[in-house]
Structures are given as C-alpha cells and as structure tokens.
Amino acid sequence: MNTPALRQATLPTTRAIAWSPLLVVGGVLLAVATALRLLDSPPGSVLVLGAATMAAVLVFSLRDPAAALLAAVPISRFQRRALRLALVATVALPLWLLVADVLPGDGVALGPLLALAASGVAVATWLPVDRDTSVAAAVPLLWASAAELFGGSAGPANDVLTWWQTDPWWVTAAAVTLVLLGRNR
Amino acid sequence: MSTVTATTGLTRTVEVTGLTKSYGARRAVDALDLAVGPGVVGLLGPNGAGKTTLLRMLATVLAPDAGTVSLLGGDPAVPSQRLDIRRRLGYLPQSPALYPSFTPMELVDYVAVLKEHTDRDWRRREAARVLEAVGLADRMHQKIKSLSGGMRQRVALAAALLGSPELLVLDEPATGLDPEQRLELRALLSASARRGTVLLSTHNTTEVAALCQHVVVMRTGRVLFQGTPAQLRDVAAGRVWEEADQDARAQRSWMTAEGSWRHLGDPPAGVTVASPTLDDGYLLLAAGDPGRR
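Chains as they are written, first to last, in this note's numbering: chain H, 77 to 261; chain L, 909 to 1201.
Be aware that a few hints might be false.
[As the list claims (entries may be wrong)] Not the full set, but computed from the structure, chain H residues with beta-carbon under 10 Å of chain L:
1) ASN78
2) PRO80
3) GLN84
4) PRO141
5) LEU146
6) ARG160
7) ALA162
8) LEU163
9) ALA165
10) ARG207
11) ARG259
12) ARG261
Source of the hints: derived by calculation from the structure; they are not laboratory data.
Since the structure is predicted, the reported quantities are computational estimates derived from the model, not experimental observations.
Backbone N, C-alpha and C fix where the C-beta goes; we use that ideal spot for every residue, glycine too.
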C-alpha cells in the first residue's frame, strides 16, 4: 500500500465524493428524530429504516463516476474505496450518533448500522464492477425491510433476518472478512 | 484459434494466448492469440466485435476466463506483477465519465497521485505537459463541466499519457474530436509509439491508414485479419468496381459522392475494376468475406 499517495489522494477524493445523499438523509433523519422527541413518540420502525438508509448511503458512497478512467491505476479499487468509505464514515457515523442522541428512548447502538453497511460493502466487492454499488446499496434496505416485515416469526429464517440486530459485530466481522478476501478483485 | 502477430520490433510488449472472455452465453473474445511490439496497432471491427473487452483485458481491468496474458513482461493475474504493469501503463476507456467540478489540471493531478507520483512539483509539471500536449493549455483551470465533449475526451487522454507510459491502451481515442484535433492526436500517438506500444480501437479506417503500422480486424471475438494497412487494402484488390447503377451481384454497394455506385465482391465480366481502399478491404472482411490474403 502506498501510504504517501493515499494521503495525498485524501483531499481530491473528498472533493470527488457526492456528499449530497448523505447530507439529505442525515438532515431528514435528524428532523424526524427531533419531531419524535418533541412528540415524545417511540421511534418504532423509523429507527430500523433510518439505520438501513444511512447504511445504504455509506455503501452508495463507493460509487465513483470516474471509476472507468481510474480502473488501471496502481492504487487499487480496494484502496480507493477504503479511502472513500473512511472519509464518508467520518461524517456519517457522528451524524448517526447525533440522530441516536436526539431520538427518544434508549438510543441506538452503532453495531446494527455497521453490520448493514459492511454487508452492503461486501456485496459491492464481489459483484461485477458495472452495477455493484447500486445493487449493493439496496442490500441494507432490503435486509432491514425484510426484518421488519417478516422478522416477528419464530424459526431459523427469523434468526437470519435479524442477525444484523442480534449479532451485529459477528455480521460486521464476516462482511469485513469477505471484503478483505475480495481486495484483489 | 485466431492468431495475430503484429511485431514492429524485437521486443514483444503484449503477448496473449488463447484469450477468452464470455458474458453469459456470449463469447466476447474467443481463444485469441496476439503478439505486439513497439509501434501503433489499430483494432478495427464492428460494434460487438470484442474490441473493448480485449482492450480491457490488456489494460489489466478485466480478468480473462481462459488464456494467458503477458504485458511488459509481467503477468497481470499476479497482483504484484499487475501493480508493476499498471505503473507503466496508460489506459483510456471508451467515453469515460469525469468529475464535473474538477478542472482538467485537478483531475490529471489526481490521476497522477493515484499513479503513485507523490512529488507535487513533478506532478504539476507533468500534468501541465500532458494537458498542453492534448491542446488544453488554455483550458486547464476551467471546470470540466464547462468543457465540450471533445475537450473532456482530451482531458481523459491527458490522464492516460501521464508519465509517458510504455504501453498505451486507448479505446476509441478519437471519439468526439474534430478533424484538426484528430490530426493532433495522430502526432501525439506517433510520438508515444516511439517510446513504446500504442494499442487503439477505432471505427475509422482513415485513422488506421494514417497512424498504425499494424492493424487487427476483429469480428465476433475472433481475428479476421492481421497485417499492415496496405495488406488490408489489398484484401479488396480486384474486387471493387464502379457503375452507374446498383448491382445485385455485389456483396456490398453504396452510392459515392459523385453519384456512381461502388460495389464490393466478385466483379462480373466486362466491368472495370477500381483501385481498392482500406475501407473496401475492411468492409469485405466485415461482411464475412475471407478476402484474398
């Protein structure tokens, strides 16, 4: 890994990232959280969908419009994506913690958000390049929606659907392992 | 198995054997052999011939399903060797998207960073040099979103030229360029070919005639022809004739600017055979005619 090159790439990469989806989603979540707090209403599904949407935005930030132009540079796609993700996460995670702090109730753990986001990134790593980010960004949304819609029943299917909530750190670890295994793709 | 040997020097910079790539059931590149040395090599072929897939594999961007690839003496399938190849390679994909909010200077500088050039002064000088070489000296500080399609294409070309790579892989580099810019591109690529190998795909036979020492014609993932532009033109020798009217016996016909009909195929008795052009040779091959090689 060429650390000096990656360090010098930080500023232009920051400029190359489309920040508006994160800022819009963060703003909306913050507004909803504030409204719920003012109404003293329980967060319910808003929390789950909020985490899923934030995770989807994190995954979507991997999308690089100039990816084709950069496809054959020595700094690999894996390294460029890691840099993008790190930059977006420095804004997204504090934003999510702020939303969690504003929401009424016990607050929201970081684990489920990371589990959903890591799962999406793992899918993006292994999908063909042309359509990876848009499909992968749907993973957190689909998984969280499925958990909300079908996760109430008993049985192994329910366990799988709610893994990201019940065992977020294991899910995150598994997803990160998959990402690392695909680093040369 | 298709075989291509287009060597313009003793050193082979690109060597592939049995190269195959499929998308689902469709075979985009089919057991292709290719050996290329320094110089400009043009890839001609209709849409869907497999040119872009081949170039993507030769740019280390796409892994083949089968076959071996050697680029600049390295194997792109081995990560450490792929890294070394990429340090010596320039790649221009087909109509690449850029960052609209960047200026050409910022974008080329960014690409230079990602090509591991960490000396800022050198990078600035090199970015200015390549932008000047593609005729964007006076536009290098304008936002890319304000540039025309041809100018954007030249920004991407400038990024590919960074560091004077030994192997340049260019997918339709002349797209969006006006005739004057095409002339400048030819001079630029000829100069690049003195330092290494330039592999380019194009639909333009004029480009090939003016620029390439060797030409490869592809169709449905296979090589139909390889040789010099003159040899491609000679494929149609004795198989072109012109008449005032259409001729059903011709394989291909079209009306010329002068109003007469130009025909390709086996000329009927009594007609006067015309001098072939590179277009004639290519069109005969693309029509599925094996030609006279």
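Interface restraint verdict for LEU163 of chain H against chain L (beta-carbon cut-off 10 Å): violated, 14 Å
Against chain L, with CB atoms and a cut of 10 Å, does the hint on ARG261 of chain H hold up? holds, 8 Å
Verify the interface restraint on ARG259 of chain H: the C-beta must sit less than 10 Å from at least one C-beta of chain L. For ARG259 of chain H, the interface hint holds, since the closest Cβ of chain L sits about 9 Å away, which is under 10 Å.
Identify whether the interface hint at LEU146 of chain H stands, where standing means a beta carbon of chain L within less than 10 Å of its own. holds, 6 Å
Using Cβ atoms only, decide whether PRO141 of chain H comes closer than 10 Å to chain L, and label the hint accordingly. holds, 5 Å
Given hint GLN84 of chain H near chain L, where the shortest CB pair must fall under 10 Å: Status holds, d = 5 Å.
Minimum beta-carbon distance criterion (10 Å), ASN78 of chain H to chain L: holds, 5 Å
Given PRO80 of chain H was flagged as interface, is its beta-carbon under 10 Å from a beta-carbon of chain L? Result: holds, 5 Å to nearest chain L Cβ.
Per-residue hint verdict: ALA165 of chain H, partner chain L, C-beta under 10 Å: violated, 21 Å
Interface hint check: ALA162 of chain H, Cβ to nearest Cβ on chain L, cutoff 10 Å. Holds or violated? Check failed: Cβ of ALA162 of chain H comes no nearer than 16 Å to chain L, outside 10 Å.
Closest C-beta approach of ARG207 of chain H to chain L relative to 10 Å, hint status: Violated. Min distance 13 Å.
Is the hint on ARG160 of chain H kept, meaning its closest Cβ partner in chain L is under 10 Å away? violated, 12 Å
Going through the hint list in order, the structure does not satisfy hints 6, 7, 8, 9 and 10.
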